[in-house]
Amino acid sequence: MKPFTRVTALACPLPIANIDTDQLIPARFMRRTRKEGYGPVLLHDLRFEADGAPKPDFPLARPEYSSAGFLVARRNFGSGSSREAAVYALADFGIRAVIAPSFGDIFAQNAVNNGLLPVRLPEDQVEQLLASLMAEPADITVDLENARVEAPGLALPFTLDPVWRTKLLNGWDDLDLTLSHRAEIEQFMARDAGSRPWMMPDPSK
Amino acid sequence: MTGNPPRTLFDKVWQAHVVRTGEDGTSLLAIDRHFLHEGSHHAFAQLADRRARVARPDLTFGVADHYVPTRRGAGRSMDPAIAGMIERLERNTEEHGIPLFGLGDPRQGIVHVVGPEQGLTLPGLTMVCGDSHTSTHGAYGALAFGIGASEVAHVLMTGTLWQRKPKAFRVKVEGILGPGLCAKDIALHFIATIGADGATGHALEYAGSSIRALSMEGRLTLCNLSIESGARCGMIAPDDTTFGAIAGRPFAPKGALFEQAVEAWRQLPSDADAHFDLEITIEAGDIAPIVTWGITPEQALPVTARVPDPARETDPVRAEAARAALDYMGLAPGTALAEVPVSRVFIGSCTNGRIEDLRTAASVLAGRKARVPGLVSPGSSGVKRQAEEEGLDRIFREAGLEWVESGCSMCVGMNGDIGQPGERIASTTNRNFKGRQGAGVRTHLMSPAMVAAAAIAGTLADCRPFLAGRKP
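Listed in order, the protein sequences are those of chains A and B.
One point on numbering: in my numbering, the residue at position 57 of the first sequence is 57, and numbering is uninterrupted.
One point on numbering: in my numbering, the residue at position 39 of the second sequence is 39, and numbering is uninterrupted.
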């Protein structure tokens with residue numbers, strides 16, 4: 001996984017609340033494999049008309065935002081379905097971080113597991129950032145080492161779960177860490193099977 | 001035990017599953033049940049990349065639900081893309097020795113209906129599935145939550161999952177629900193009160209006299225909708241209602257083991273003075289039959305109300321969200337909700353596809369005709385058989401609704417059961433998101449009795465007059 005330390009890129013403002021994972025990736029596209037890529041279908045029904053033409057009033061549909069590296073959105077971003085494809089769509093499009101006042105819990109976990117940074121900022125700061133980006137498109141910097149968003153005229157500190165921060169900074173996933181505890185897991189499960197024998201599925205009549 | 005701090009139901013289940021706690025405060029939890037469905041293909045691809053095996057196939061179960069056609073059987077052909085998704089699940093589960101309740105299996109159904117039905121859902125278990133409505137199983141006092149594909153792959157490969165402990169949030173519901181009301185109304189009322197992200201970062205526990213009085217079906221509906229308030233899980237302390245619902249289920253413990261289990265389960269309820277970070281009390285008497293009017297479950301009001309006017313909303317962000325919602329929903333501020341015409345109805349899903357839901361809808365529909373077309377999809381093949389034994393299928397058919405096989409169907413639209421752009425659907429499902437039931441489709445969420453009433457009226461409608469004199 002690609003580490004996230006300090007990234008400077010164009011930020012696309014999406015002044016919309018409750019962008020759920022059904023918006024991020026409509027269900028009908030979820031049959032594709034990851035290899036086919038999810039970037040073209042990110043926010044598909046908000047970006048495109050039924051005939052496939054881009055919707056001009058939707059910022060991310062405009063050519064100038066095709067190189068966007070960040071999204072700035074309103075509250076409850078990524079709520080809803082646990083579909084990790086919502087994160088694949090963002091990542092495959094080139095989005096490295098999303099800035100919003102709140103995130104769906106499962107989405108945020110999925111994001112971190114794919115190197116995408118969920119930046120939580122207070123609502124008034126997000127509104128400030130949105131206003132500035134809508135007035136004038138700009139590159140911003142998300143600095144995870146110093147936990148700070150830098151935009152023209154703004155320096156906004158944020159906090160992130162320290163575990164998530166470490167994972168993102170190093171590009172780690174959990175699996176190798178967990179597998180290093182394999183013996184401990186097996187001991188736990190053997191002990192547990194003794195103390196909770198009723199836990200095992202029992203298909204007998 | 002004396003000297004130990006008081007613990008919540010959640011604490012007790014959590015602590016019993018901690019394999020180790022990292023220095024950073026996250027815990028590695030042992031997972032007791034893992035359900036897979038057609039959407040699990042991303043996780044199996046990750047396994048294949050690592051040439052890894054499944055650590056606990058004995059605790060893992062596959063269910064075909066998200067993509068299964070609801071009109072199926074002899075002589076019917078299947079969309080090759082959908083058939084491919086189902087075959088992929090069959091191949092992956094077979095390769096790893098995982099039992100599958102697949103297409104044609106009498107145990108097939110929606111995973112969150114099948115788990116309890118098969119006795120796989122038990123109090124005190126940790127349960128995960130790559131589906132956000134896994135919170136459903138918390139109704140039995142299990143710690144159950146939805147996970148993403150990378151986490152599915154992690155559980156498959158290790159039988160464990162790293163989690164940071166969420167905060168505790170108790171929702172007390174006290175008193176007696178009015179006639180015609182059910183768990184769906186409690187849930188939508190709660191979500192409208194705290195917001196769709198109001199419980200983010202928290203584990204919910206539902207308590208109080210109204211919750212004790214709920215059937216298991218009602219409790220499952222309530223816990224199912226926890227995720228729509230932002231909470232990854234919602235739990236209810238197990239009691240005699242719970243134990244009675246488990247006894248005799250196919251995979252449940254039996255004989256002396258069942259007695260031993262019940263003994264352990266009786267220790268699970270939260271201690272009297274356990275700490276909750278947040279708490280809210282709802283009076284059941286304040287709850288009315290609720291419908292959603294917008295594009296998030298928090299945008300919900302009693303059916304007797306009018307479509308809200310965004311201009312009266314003081315918070316500019318909420319006002320903008322309401323305007324966008326009304327624009328998508330094609331609704332004008334001030335319109336009486338009970339006058340909004342619907343073009344289709346849907347009864348089913350992991351939220352409201354259980355036998356009690358079908359009985360309630362049938363009690364409204366019996367001897368009446370639906371003015372609009374609609375689909376009734378039982379939550380499982382077992383629920384379907386039960387409903388047919390009770391003659392409910394006949395009531396739905398005679399009312400003019402289509403009685404079909406079990407699956408996620410119009411709740412998520414992956415199997416092709418979707419509406420047409422601009423259509424307005426009264427639905428017993430869980431999400432009224434834009435495009436959830438098809439591009440441009442407008443969804444109103446409500447209880448099974450309310451959907452049945454809407455079918456008869458052809459508009460959103462108060463179910464209570466339709467239930468007068470009938471057994472709910």
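Bear in mind the hints are in silico, worked out from the structure with no lab data behind them.
Be careful, since some hints might not be right.
Here are some chain A residues pointing at chain B (derived, C-beta under 8 Å) [claimed, not checked]: (1) Asn110; (2) Asn114; (3) Leu160; (4) Val163; (5) Arg191; (6) Asp192; (7) Gly194.
Keep in mind it's a predicted model, so treat the numbers as computed, not measured.
Glycine is no exception: its CB is placed at the ideal position from the N, C-alpha and C atoms.
How the hints compare with the structure:
A least Cβ separation of about 4 Å between Asn110 of chain A and chain B falls short of the 8 Å threshold, and the interface hint therefore holds. With its C-beta approaching chain B no nearer than about 7 Å, Asn114 of chain A sits inside the 8 Å limit, and its interface hint holds. At about 12 Å, the closest approach between the beta carbon of Leu160 of chain A and any beta carbon in chain B exceeds 8 Å, and the interface hint on this residue is violated. Here the hint on Val163 of chain A is kept, as its CB sits about 5 Å from the closest CB of chain B, short of 8 Å.
With 8 Å as the threshold, the beta carbon of Arg191 of chain A stays out of range of chain B, its nearest partner Cβ sitting at about 10 Å, so the hint is violated. With a least beta-carbon distance of about 6 Å to chain B, the hint placing Asp192 of chain A at the interface is held under the 8 Å criterion. Using the Cβ-Cβ criterion of 8 Å, the hint placing Gly194 of chain A at the interface with chain B is not satisfied: the shortest such distance is roughly 12 Å.
The structure does not agree with the numbered hints 3, 5 and 7 stated previously, though it agrees with the rest.
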